[in-house]
Amino acid sequence: MLAFSWSGLILSSVIQFGDLKPIALNEGETPMPIARVGVAQQGKEIYIDQGCLYCHSQQVRRKGYGADWERGWGDRQTVPRDYILQDRVLLGTSRTGPDLMTIGQRQPSADWHHLHLYNPQITSPGSIMPPFRYLYKTQKIGDAPSPNALTIPDTFPEEQPPEGYEIVPTERADQLVEYLLSLKLDYELPESRFAQ
Amino acid sequence: MSPLLSFFSNIDPQRETQVSPKVALSEVDQQMRVPAIMFTTFAICWLLVGTFFAIVASFKMHSPNFLADWEFLTFGRARSAHLNAMAYGWSNNAIFGVGLWVMARLCKAQIRFSGLLIIAGIFWNVAVVIGIFGILTGGLTSIEWLEMPKQVAPLLAFSYILIGMWGILMFRYRERGHVYVSQWYILGALFWFPWLYVVAQTMILFEPARGTIQALTNWWFAHNVLGLWMTPMGLATIYYLMPKVLGRPIYSYYLSLLGFWSLALFYNWAGVHHLIGGPIPAWLISCGIVASVMMVIPVVVTAINHHMTAVGNARAVWCSPTLRFIVFGAMSYTLASFFGSWMALRDVSLVTHFTQFTVGHAHHGVYAFFAMTMFGGIYFMMPRLLAREWPSATLIKVHFWFSGLGIGMMIVGLQLGGWIQGLNLNNPDIPFVSSDPETMTVIKALVPWLFSRSVAGMLLTIGHFAFFVNFAWMLIGPRAVRYKEGPTLLGNTEGKGA
Chain S
6 MLAFSWSGLI LSSVIQFGDL KPIALNEGET PMPIARVGVA QQGKEIYIDQ GCLYCHSQQV
66 RRKGYGADWE RGWGDRQTVP RDYILQDRVL LGTSRTGPDL MTIGQRQPSA DWHHLHLYNP
126 QITSPGSIMP PFRYLYKTQK IGDAPSPNAL TIPDTFPEEQ PPEGYEIVPT ERADQLVEYL
186 LSLKLDYELP ESRFAQ
Chain E
72 MSPLLSFFSN IDPQRETQVS PKVALSEVDQ QMRVPAIMFT TFAICWLLVG TFFAIVASFK
132 MHSPNFLADW EFLTFGRARS AHLNAMAYGW SNNAIFGVGL WVMARLCKAQ IRFSGLLIIA
192 GIFWNVAVVI GIFGILTGGL TSIEWLEMPK QVAPLLAFSY ILIGMWGILM FRYRERGHVY
252 VSQWYILGAL FWFPWLYVVA QTMILFEPAR GTIQALTNWW FAHNVLGLWM TPMGLATIYY
312 LMPKVLGRPI YSYYLSLLGF WSLALFYNWA GVHHLIGGPI PAWLISCGIV ASVMMVIPVV
372 VTAINHHMTA VGNARAVWCS PTLRFIVFGA MSYTLASFFG SWMALRDVSL VTHFTQFTVG
432 HAHHGVYAFF AMTMFGGIYF MMPRLLAREW PSATLIKVHF WFSGLGIGMM IVGLQLGGWI
492 QGLNLNNPDI PFVSSDPETM TVIKALVPWL FSRSVAGMLL TIGHFAFFVN FAWMLIGPRA
552 VRYKEGPTLL GNTEGKGA
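Those protein sequence lines, which keep their order, are chains S and E. Just so we're aligned: the first sequence equals residues 6 to 201 in this note's numbering. Just so we're aligned: the second sequence equals residues 72 to 569 in this note's numbering.
FYI, nobody ran anything at the bench for these hints, they're computed from the structure. Fair warning: this is a prediction, and the values are worked out from it, not measured in the lab. For glycine and all other residues, C-beta sits at the position ideal for the given N, C-alpha and C. Careful: at least some of the hints might be erroneous.
To be verified - Facing chain E, from chain S, some residues (calculated, C-beta under 10 Å): (1) S17; (2) Q21; (3) D24; (4) I53; (5) L58; (6) V84; (7) L90; (8) R93; (9) S99; (10) R138; (11) K142; (12) T143.
Stated by the list, open to error - Derived EDC-like pairs (lysine to aspartate or glutamate); straight-line CA-CA distance at most 16 Å: (13) K221/E / E50/S; (14) K142/S / D140/E; (15) K179/E / E246/E; (16) K26/S / E196/S.
Unchecked claim - Counterexamples of contact, computed for chain S against chain E with all Cβ distances above 12 Å: (17) A29; (18) Q46; (19) D80; (20) Q110.
The whole structure should be built from the sequences, with the hints applied where relevant.
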C-alpha cells in the first residue's frame with residue numbers, strides 16, 4: 006500500500022522532474038538556475054542549524070493565489086526547476102515571518118540584516134523574531150574602529166556597547182547575511198516568466 | 072480457501088479458544104512486565120522533557136527576548152527538541168509499551184528473550200538522547216519531523232527493527248483463533264514505520280533527491296508518521312480497550328475492517344496537501360487533496376463503530392479512568408480528521424497554510440487523540456502489570472481535567488488565531504510589523520493567541536506532573552494492597568459519583 010503511494014507520489018515525480026536541467030531562456034544566455042557556492046553556501050548551514058525555516062518559507066506562489074505577489078515576495082512563482090541545484094530544499098511550511106525567496110533583492114543592505122539579526126526590534130519594532138545576538142561579539146576597539154562594526158541607533162541605549170567597545174559580526178553572522186543576500190529570483194524560466 | 076475468505080473467517084469473533092483466557096492473559100502480562108514498564112517509564116520521562124521544551128518554545132514565540140542569549144535554546148532548536156522528544160521519545164515509547172502489550176495480549180504468544188527487547192529499547196532511547204542533544208548543539212537538519220542529525224538515524228532504525236520485530240514475531244506465533252482488528256492495525260503500523268523512516272532518511276539526508284522531491288518525500292513521511300504509525304496504534308488501543316472495559320463486543324467487526332483498509336488505502340497519499348500552492352506539479356497536489364477528502368470514509372466508519380460500542384454507557388465511561396481518556400481520544404480522532412480533510416481543500420488551505428492553524432491541528436491529532444488515548448492505555452495497563460492500583464484518583468482527575476481543558480484551549484486558540492493570521496497574510500495591506508503603533512499588523516493580531524497557547528501549555532504541564540507523580544508513586548511507593556480492594560475509579564458506579 007505504502008509502496009504504491011511511494012511510487013505514485015515520489016517515484017513518478019522522480020521520473021517526471023527528477024532530471025530537470027538548468028535552462029537558458031534565450032540562446033547564448035547562462036542556463037539558470039546556478040548553484041550557490043562559497044560563503045553564501047556556508048551561510049545556508051547557519052540558516053539550517055538555527056532553524057530559521059520554522060518561521061520563514063522560501064517559495065513564491067502564483068499571482069492570484071494568496072498575496073505573495075502583492076507583498077512583493079517575487080515577480081513570478083517558483084517552480085520545481087528553481088530548486089534542482091539545492092542540496093537541501095527549504096520550502097518551509099510556516100510564515101510567522103515573511104517569505105525569504107527574494108530577500109536578497111528586497112533588502113540588499115548587509116548592514117540592515119546585521120542590525121536586524123542582532124536585535125529585530127531595532128529595524129522592525131514589534132517583531133517576534135528572536136534576536137541572534139550570540140552571532141555577534143563585543144570587542145575592545147583597537148587602533149581604529151572596525152569598518153564592519155554595527156551602528157546601533159541612539160534610540161536603543163540599552164543595546165549600545167560599553168564605552169571603548171564595539172559590536173562586530175562573527176564569521177557565522179557574515180556567512181548568514183551573505184546567504185540572505187544571495188536569495189534572489191531575478192531570472193526567468195520558460196515555464197515561469199515574470200508577473201506570472 | 073481464498074485468502075480473503077480465510078481472512079474473514081479468521082476474524083470471526085465467535086470462534087472458541089481452548090485455554091481459559093484469564094490464565095493466559097496474566098501469563099502474558101507477566102512476560103511483558105519488564106519491557107512494558109520500561110517503555111512506559113521512558114515515555115513519561117520524555118513527556119516531561121518534551122513539555123519543558125514546549126513551554127520554552129511557546130514563551131519565546133510571544134516574548135522573543137526570553138532566554139534569547141542561549142544559543143542552544145533558540146526558537147528553532149527548542150521547538151524541534153520539543154517535537155522530537157514528543158514524537159520519538161514520548162510517542163514511540165508509549166507505542167512500544169502499550170502497543171506491544173496489546174499485541175502480546177491479543178496474540179497470547181509465548182514471549183521469549185525479552186532481554187533483547189529491553190536492550191533494543193535502551194538503544195532507542197540513547198539514540199533519541201543523542202539526537203536531541205545534536206539538535207540543541209547545531210546538528211538541527213531543518214527537515215520537519217526528521218530534525219535529528221543523520222548520524223543517529225542508523226542507530227534508531229536498527230533498534231526499531233529489533234523492537235518492531237517482536238510485535239511481528241508475536242503475531243507469527245500467535246495462538247490460533249480469530250485475528251482481532253487491533254492486531255491488524257498494529258501489524259500494519261509495525262511494517263509501515265520502518266519503511267517510511269528509512270526511505271525518508273535516505274532520500275532527504277543520505278542521498279538527497281533532486282530539488283522539491285525532497286519536500287514531497289518529507290511530507291509523505293511526516294504525514295504518514297501520524298497517519299500510519301500513531302493513528303493505527305491509537306486506534307488499536309481504542310479498539311482493544313473500549314470493549315474490554317465496557318464488557319461488550321465492538322459494534323461491528325466488518326466496519327472495523329472497512330475502517331482499516333480504507334485508512335491504509337487513502338491516508339498515505341494525503342501528506343502532499345502540505346505543499347498546496349508550492350513548486351510541485353499540480354496533479355500531485357490534487358492527488359493529495361482527493362486522498363485527504365477520502366479520509367472521511369475511514370473516519371466516519373470508525374466513529375460509528377466506536378460510538379455504537381460506547382453508547383448508553385456514559386456512566387461507566389465517566390467512572391473508568393481508562394475510558395475517560397480513551398473516549399476523549401476517540402472523539403478527538405473524529406473531529407481532528409474532519410478538520411484535516413477540510414483543511415486540505417484549496418480554498419481553505421489558502422487561509423490556513425503557513426499559519427498557526429496547522430500547529431493547532433497537529434496538536435489536535437497528536438495530543439487530543441493520540442496522547443490522550445495512550446494515557447488511557449497506560450492507566451489500564453499498569454495495574455495489570457504491577458498488580459497494584461493507581462495510588463490517587465484525585466491525581467488522575469487532575470491529569471484528565473488539566474490535559475483536557477489545556478488541549479481544548481490550545482486548539483481553539485491556535486485555530487482561531489491562525490485563521491485570523493491567514494486572513495491577514497492574504498491581505499497585502501496589512502504589514503508584518505510597523506513603526507506606527509496605531510497600525511494593525513499581522514504580528515500584533517497574532518500575539519494574544521500565542522499567549523493563550525502558553526497558558527494552555529501550563530495547564531498541560533500541570534496535568535503531566537500529576538500523571539508523573541501518580542506513576543512514580545505507583546512504581547516505587549510502598550507495595551499497596553489496593554489491588555484486592557478493586558480498581559481506582561473516578562466515581563461511584565452505583566451512586567452519584569464524581
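Evaluated hints:
1. S17: Interface hint status for S17/S: holds (8 Å vs cutoff 10 Å).
2. Q21: holds (6 Å)
3. D24: holds (8 Å)
4. I53: holds (4 Å)
5. L58: Holds: closest Cβ of chain E sits about 4 Å from L58/S, inside 10 Å.
6. V84: holds (5 Å)
7. L90: At 8 Å from the nearest chain E Cβ, L90/S passes the 10 Å test, so the hint holds.
8. R93: Because about 7 Å separates R93/S from the closest Cβ in chain E, which is inside the 10 Å limit, the hint holds.
9. S99: holds (6 Å)
10. R138: This hint holds: R138/S lies near chain E, its Cβ roughly 6 Å from the closest one there, short of 10 Å.
11. K142: violated (12 Å)
12. T143: violated (12 Å)
13. K221/E / E50/S: This hinted pair holds, its Cα atoms lying about 15 Å apart.
14. K142/S / D140/E: With a Cα-Cα distance of about 12 Å, the restraint between K142/S and D140/E holds, given a limit of 16 Å.
15. K179/E / E246/E: Holds, because 6 Å separates the two Cα atoms, which is no more than 16 Å.
16. K26/S / E196/S: holds (13 Å)
17. A29: At about 18 Å from chain E, A29/S clears the 12 Å cut-off, so the statement holds.
18. Q46: holds (14 Å)
19. D80: holds (15 Å)
20. Q110: Holds: least Cβ distance 17 Å, greater than 12 Å.
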